[in-house]
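Following the hints, put chain B in place on chain A, whose structure we already have.
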Amino acid sequence: MEKSILSYLEKSEHEFPDKIAFSDNKYELTYHELANAARSIGSFLIEKIGTRKAVVVYMEKNTRNIAAFMGAAYAGCFYVPLDAQMPMERINIILKTLQPAAVIYDEKTEKFLSLMETECTKVLYDEIYMLPQDKEKLEIARRQMIDTDPLYILFTSGSTGIPKGVIVCHRSVIDYADWVVKTFELNENTVFGNQTPFYFSMSVLDIFATIRSSATLHIIPKMLFSFPVKLLELLKEKEINTIYWVPSALSIVANLGALDVVQLPNLKKILFAGETMPTKQLNIWRRHVPDATYANLFGPTEITDIGVYYVVDRGFSDDEPIPIGVPCDNVDALVVDEHGKSVKECGKIGELLIRGSFLACGYYNNPEKTKEVFIQNPLNNSYPETVYCTGDLVYWNENGELVYASRKDFQIKHMGNRIELGEIENAMSALDGVDMCCCLYNEETDEIVTVYTGNLEVKKLSQLLKKKLPRYMIPNVCYNRKGMPLNMNGKIDRKKLKTDYIK
Amino acid sequence: MEKLIELLKSVRDDVDFSKCTTLVDEGILDSFDIIEIINVIDEEYDIKIPAIEIVPKNFNSAEAILNMIQRLQEE
Numbered sequence: 053m054e055k056s057i058l059s060y061l062e063k064s065e066h067e068f069p070d071k072i073a074f075s076d077n078k079y080e081l082t083y084h085e086l087a088n089a090a091r092s093i094g095s096f097l098i099e100k101i102g103t104r105k106a107v108v109v110y111m112e113k114n115t116r117n118i119a120a121f122m123g124a125a126y127a128g129c130f131y132v133p134l135d136a137q138m139p140m141e142r143i144n145i146i147l148k149t150l151q152p153a154a155v156i157y158d159e160k161t162e163k164f165l166s167l168m169e170t171e172c173t174k175v176l177y178d179e180i181y182m183l184p185q186d187k188e189k190l191e192i193a194r195r196q197m198i199d200t201d202p203l204y205i206l207f208t209s210g211s212t213g214i215p216k217g218v219i220v221c222h223r224s225v226i227d228y229a230d231w232v233v234k235t236f237e238l239n240e241n242t243v244f245g246n247q248t249p250f251y252f253s254m255s256v257l258d259i260f261a262t263i264r265s266s267a268t269l270h271i272i273p274k275m276l277f278s279f280p281v282k283l284l285e286l287l288k289e290k291e292i293n294t295i296y297w298v299p300s301a302l303s304i305v306a307n308l309g310a311l312d313v314v315q316l317p318n319l320k321k322i323l324f325a326g327e328t329m330p331t332k333q334l335n336i337w338r339r340h341v342p343d344a345t346y347a348n349l350f351g352p353t354e355i356t357d358i359g360v361y362y363v364v365d366r367g368f369s370d371d372e373p374i375p376i377g378v379p380c381d382n383v384d385a386l387v388v389d390e391h392g393k394s395v396k397e398c399g400k401i402g403e404l405l406i407r408g409s410f411l412a413c414g415y416y417n418n419p420e421k422t423k424e425v426f427i428q429n430p431l432n433n434s435y436p437e438t439v440y441c442t443g444d445l446v447y448w449n450e451n452g453e454l455v456y457a458s459r460k461d462f463q464i465k466h467m468g469n470r471i472e473l474g475e476i477e478n479a480m481s482a483l484d485g486v487d488m489c490c491c492l493y494n495e496e497t498d499e500i501v502t503v504y505t506g507n508l509e510v511k512k513l514s515q516l517l518k519k520k521l522p523r524y525m526i527p528n529v530c531y532n533r534k535g536m537p538l539n540m541n542g543k544i545d546r547k548k549l550k551t552d553y554i555k
Numbered sequence: 032m033e034k035l036i037e038l039l040k041s042v043r044d045d046v047d048f049s050k051c052t053t054l055v056d057e058g059i060l061d062s063f064d065i066i067e068i069i070n071v072i073d074e075e076y077d078i079k080i081p082a083i084e085i086v087p088k089n090f091n092s093a094e095a096i097l098n099m100i101q102r103l104q105e106e
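Sequence order for the protein chains is A and B.
Residues in the first sequence are numbered from 53 upward in steps of one, following the working numbering.
Residues in the second sequence are numbered from 32 upward in steps of one, following the working numbering.
I should point out that these hints are in silico values taken from the structure, not numbers from a laboratory.
As the structure is a computational prediction, the values presented were derived from the model and not from experiment.
Even glycine gets a Cβ: it sits at the ideal position worked out from N, Cα and C.
Worth double-checking, as some hints may not be accurate.
Said to hold, decoys possible - Just a sample of chain B residues kept apart from chain A, beta carbon distances all over 12 angstroms, derived:
#: 1; residue: Met32
#: 2; residue: Glu33
#: 3; residue: Ile36
#: 4; residue: Asp47
#: 5; residue: Ser49
#: 6; residue: Lys50
#: 7; residue: Cys51
#: 8; residue: Tyr76
#: 9; residue: Asp77
#: 10; residue: Asn98
#: 11; residue: Gln101
#: 12; residue: Arg102
#: 13; residue: Glu105
To be verified - Residues on chain B that point at chain A, a partial pick, calculated with CB under 8 angstroms:
#: 14; residue: Asp45
#: 15; residue: Ile83
#: 16; residue: Ile85
As the list claims (entries may be wrong) - DSSO-like, lysine-lysine: derived pairs with alpha carbons at most 30 angstroms apart:
#: 17; chain 1: B; residue 1: Lys40; chain 2: A; residue 2: Lys555
#: 18; chain 1: A; residue 1: Lys511; chain 2: B; residue 2: Lys34
#: 19; chain 1: B; residue 1: Lys34; chain 2: A; residue 2: Lys518
#: 20; chain 1: A; residue 1: Lys160; chain 2: B; residue 2: Lys88
#: 21; chain 1: A; residue 1: Lys163; chain 2: B; residue 2: Lys50
#: 22; chain 1: B; residue 1: Lys88; chain 2: A; residue 2: Lys282
#: 23; chain 1: B; residue 1: Lys50; chain 2: A; residue 2: Lys282
#: 24; chain 1: B; residue 1: Lys40; chain 2: A; residue 2: Lys511
#: 25; chain 1: A; residue 1: Lys555; chain 2: B; residue 2: Lys79
#: 26; chain 1: B; residue 1: Lys88; chain 2: A; residue 2: Lys290
#: 27; chain 1: A; residue 1: Lys274; chain 2: B; residue 2: Lys88
#: 28; chain 1: B; residue 1: Lys34; chain 2: A; residue 2: Lys282
#: 29; chain 1: B; residue 1: Lys50; chain 2: A; residue 2: Lys518
#: 30; chain 1: A; residue 1: Lys288; chain 2: B; residue 2: Lys88
#: 31; chain 1: A; residue 1: Lys518; chain 2: B; residue 2: Lys88
#: 32; chain 1: A; residue 1: Lys512; chain 2: B; residue 2: Lys34
#: 33; chain 1: B; residue 1: Lys40; chain 2: A; residue 2: Lys160
#: 34; chain 1: B; residue 1: Lys79; chain 2: A; residue 2: Lys332
#: 35; chain 1: B; residue 1: Lys50; chain 2: A; residue 2: Lys78
#: 36; chain 1: A; residue 1: Lys519; chain 2: B; residue 2: Lys40
#: 37; chain 1: B; residue 1: Lys79; chain 2: A; residue 2: Lys282
#: 38; chain 1: B; residue 1: Lys50; chain 2: A; residue 2: Lys520
#: 39; chain 1: A; residue 1: Lys274; chain 2: B; residue 2: Lys79
Only chain A is shown next, with the shape it has when bound in the complex:
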């Protein structure tokens, strides 16, 4: 029995010490170099902050982040990835919830340190990854660890404007990585091309399936995703055979015609998740890369990454939805109606609840939000059993596959990112010159639409918001109006706004 993800790292280190584990256009680490750097970082952290503490990794996305993540694990701590591009305002909100014990930074993020509102230990990656290792302390930390101890916290959008920190433990990631490797037959010949950021749950598959199967992972520079031909040339050059991207990234490649230009004989596994995969673009991919396995994966950060999946096994016309499929091994997917009763009939919509070891521990320092969605299984009143309410509405089709219908609340999926419209509204209302505001989502065009009152110019609005919110949360269409329509309860009349601005 493995109780820590580090066992997998050490197994790969033992079997393939000199194989490249992770690489990008600047750095690369073999399994031995990776594990070694991680043990040095771990030794430093134990000495400096102790075990079971939050370690923020605030670095430009590259190979070295992985060593920092594993270093935190070696210390019995948990890592929290923050992106070098994240607006400082959001970082500070996260820090307030997190109260970290240490921040590992690099030369790219060094200049922002003074703006960070935390008094904790701050240390430069370059100063710790080669430090001598304290074998004894590493061993003690390891012995004290149990598999339900946290491995990482990922922050997702929250409706009150405060991002929620999802705590995921070693057990969930071990089981998840096992499932991925078994289901998609990954091994030391697997070469991943990573697209998703490390603060996003999809990257958990890339990172830990790589470590679990002794594979190699190339971090693809973000810029290449706007230059599809260059992107595909890189896949070819690096002999990448497995990708797990958001549908937006796959769609851009298909839409701009890049598949006509570059052939991809090596690419064998094409997985996607994070938002609905448009069938039209999937069909373009299938025509150009016919021999690959395609799979639609489905799940939120709160169940590690994925709970339900569908391996594309038949043809779909452009207007047919791709099912989200069946539960992963050792995952149970319950569909319940508004009264908490099981929905078994074909085509009847209910909320998707998930049961199993992929479930996160909850939200960090946020018992209220945790209680709302990590609840007692409504179908079991005999003993304590937690299920996670995904807030996703789904139904069973006649093939016994789940199909996604929509979000239960105002949370939306936009370009692969889960966004609470409330968080954007919150940031907007804080701006000078914005009196009232309301964000809507146009599902048809995948656009965030915002309507507001106040004297702030529309042009200025997105400029100011870019300082407060990640790029993917910036509204695509903004309307300034004289007054806001209100409903009977005095709340902003979202329905009226929707009919006025979204057709």
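Coordinates of chain B only, in the frame set by chain A:
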């Protein structure tokens, strides 16, 4: 050129498109911007930029973008 600079400014008003020649190389434009620029060129000039032209060197400066547009208009 002025029309193009105006267009580019509608995508990003905080960038000096008349001077900068490292829009991509220095990461000044991100992937959202590039896609937006491709879309506005499509709309305003009625040009579908083929995948093979969507490469960093064609987007590093307003001049490079204009050259590409003119080349594609001639074809």
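Hint check:
Every beta carbon of chain A lies more than 12 angstroms from that of B/Met32, the smallest distance being close to 22 angstroms; the non-interface claim holds. With a cut of 12 angstroms on Cβ distances, B/Glu33 stays outside the contact zone with chain A, its closest approach being about 19 angstroms. Every CB of chain A is more than 12 angstroms from the CB of B/Ile36 (nearest about 16 angstroms), matching its label as outside the interface. With a closest Cβ-Cβ approach of about 15 angstroms to chain A, B/Asp47 is found to remain outside the 12 angstroms limit, as its non-interface label requires.
Separation of B/Ser49 from chain A is adequate, the least Cβ-Cβ distance of about 19 angstroms exceeding the 12 angstroms criterion. Every beta carbon of chain A lies more than 12 angstroms from that of B/Lys50, the smallest distance being close to 20 angstroms; the non-interface claim holds. In this structure B/Cys51 is separated from chain A by more than 12 angstroms, as the shortest Cβ-Cβ distance comes to about 16 angstroms. Every Cβ of chain A is farther than 12 angstroms from the Cβ of B/Tyr76; the closest lies at roughly 17 angstroms, confirming the non-interface assignment.
Separation of B/Asp77 from chain A is adequate, the least Cβ-Cβ distance of about 17 angstroms exceeding the 12 angstroms criterion. In this structure B/Asn98 is separated from chain A by more than 12 angstroms, as the shortest Cβ-Cβ distance comes to about 17 angstroms. A cut-off of 12 angstroms between C-beta atoms confirms that B/Gln101 is not in contact with chain A; the least separation is 20 angstroms. With a minimum CB-CB distance of about 17 angstroms to chain A, B/Arg102 clears the 12 angstroms threshold, and the non-interface call stands.
At roughly 20 angstroms, the least C-beta separation between B/Glu105 and chain A is larger than 12 angstroms, which holds for a residue marked as non-interface. Here the hint on B/Asp45 is kept, as its CB sits about 7 angstroms from the closest CB of chain A, short of 8 angstroms. A distance limit of 8 angstroms between C-beta atoms decides the matter here; for B/Ile83 the minimum to chain A is near 6 angstroms, and the interface restraint holds. About 6 angstroms separates the beta-carbon of B/Ile85 from the nearest beta-carbon of chain A, less than 8 angstroms, and the hint is met.
Under the criterion of a C-alpha separation no larger than 30 angstroms, the hint pairing B/Lys40 with A/Lys555 is consistent with the structure, at around 28 angstroms. Distance restraint check for A/Lys511 and B/Lys34: the Cα-Cα separation of roughly 19 angstroms lies within the 30 angstroms cut-off, and the hinted pair is therefore satisfied. Restraint check for B/Lys34 and A/Lys518: the C-alpha separation of about 25 angstroms stays at or below 30 angstroms, so the hint holds. Of the pairs offered as hints, the one joining A/Lys160 and B/Lys88 holds, with about 25 angstroms between alpha carbons and a cut-off of 30 angstroms not exceeded.
For a cut-off of 30 angstroms, the pair hint linking A/Lys163 to B/Lys50 stands: about 26 angstroms separates their Cα positions. For the suggested pair B/Lys88 and A/Lys282, the alpha carbons sit about 11 angstroms apart, so the restraint of at most 30 angstroms is met. Distance restraint check for B/Lys50 and A/Lys282: the Cα-Cα separation of roughly 26 angstroms lies within the 30 angstroms cut-off, and the hinted pair is therefore satisfied. With a CA separation close to 11 angstroms, the supplied pair B/Lys40 and A/Lys511 stays within the 30 angstroms bound.
With a C-alpha separation of about 27 angstroms, the suggested pairing of A/Lys555 with B/Lys79 holds against the 30 angstroms cut-off. Taking the CA atoms of B/Lys88 and A/Lys290, the gap is about 22 angstroms. The hint holds against a cut of 30 angstroms. For the proposed pair A/Lys274 and B/Lys88, the alpha carbon gap of about 16 angstroms is at most 30 angstroms, so the pair holds. For the hint pairing B/Lys34 with A/Lys282, the CA-to-CA distance comes to about 29 angstroms; that is within 30 angstroms, so the pair holds.
Taken as a hint, the B/Lys50 and A/Lys518 pair is honoured in the structure, with Cα atoms around 23 angstroms apart against an allowance of 30 angstroms. Taking the CA atoms of A/Lys288 and B/Lys88, the gap is about 21 angstroms. The hint holds against a cut of 30 angstroms. Only pairs whose Cα atoms come within 30 angstroms are accepted, and A/Lys518 paired with B/Lys88 is accepted, the gap being roughly 26 angstroms. The straight-line distance between the Cα atoms of A/Lys512 and B/Lys34 is roughly 21 angstroms, inside the 30 angstroms bound, and the hint therefore holds.
A distance of roughly 27 angstroms separates the Cα atoms of B/Lys40 and A/Lys160; the hinted pair therefore holds under the 30 angstroms criterion. In summary, the hint linking B/Lys79 to A/Lys332 is supported, as the alpha carbons are separated by about 19 angstroms, within the 30 angstroms threshold. Using a Cα cut-off of 30 angstroms, the hinted pair B/Lys50 and A/Lys78 holds, with the two alpha carbons roughly 29 angstroms apart. Between A/Lys519 and B/Lys40, the direct Cα distance comes to roughly 18 angstroms. Compliance with the 30 angstroms bound is thereby established for this hinted pair.
Straight-line distance between C-alpha atoms of B/Lys79 and A/Lys282 comes to about 18 angstroms, which keeps the hinted pair within the 30 angstroms bound. The straight-line distance between the Cα atoms of B/Lys50 and A/Lys520 is roughly 27 angstroms, inside the 30 angstroms bound, and the hint therefore holds. The straight-line distance between the Cα atoms of A/Lys274 and B/Lys79 is roughly 23 angstroms, inside the 30 angstroms bound, and the hint therefore holds.
Hint violations for this structure: none, all hints satisfied.
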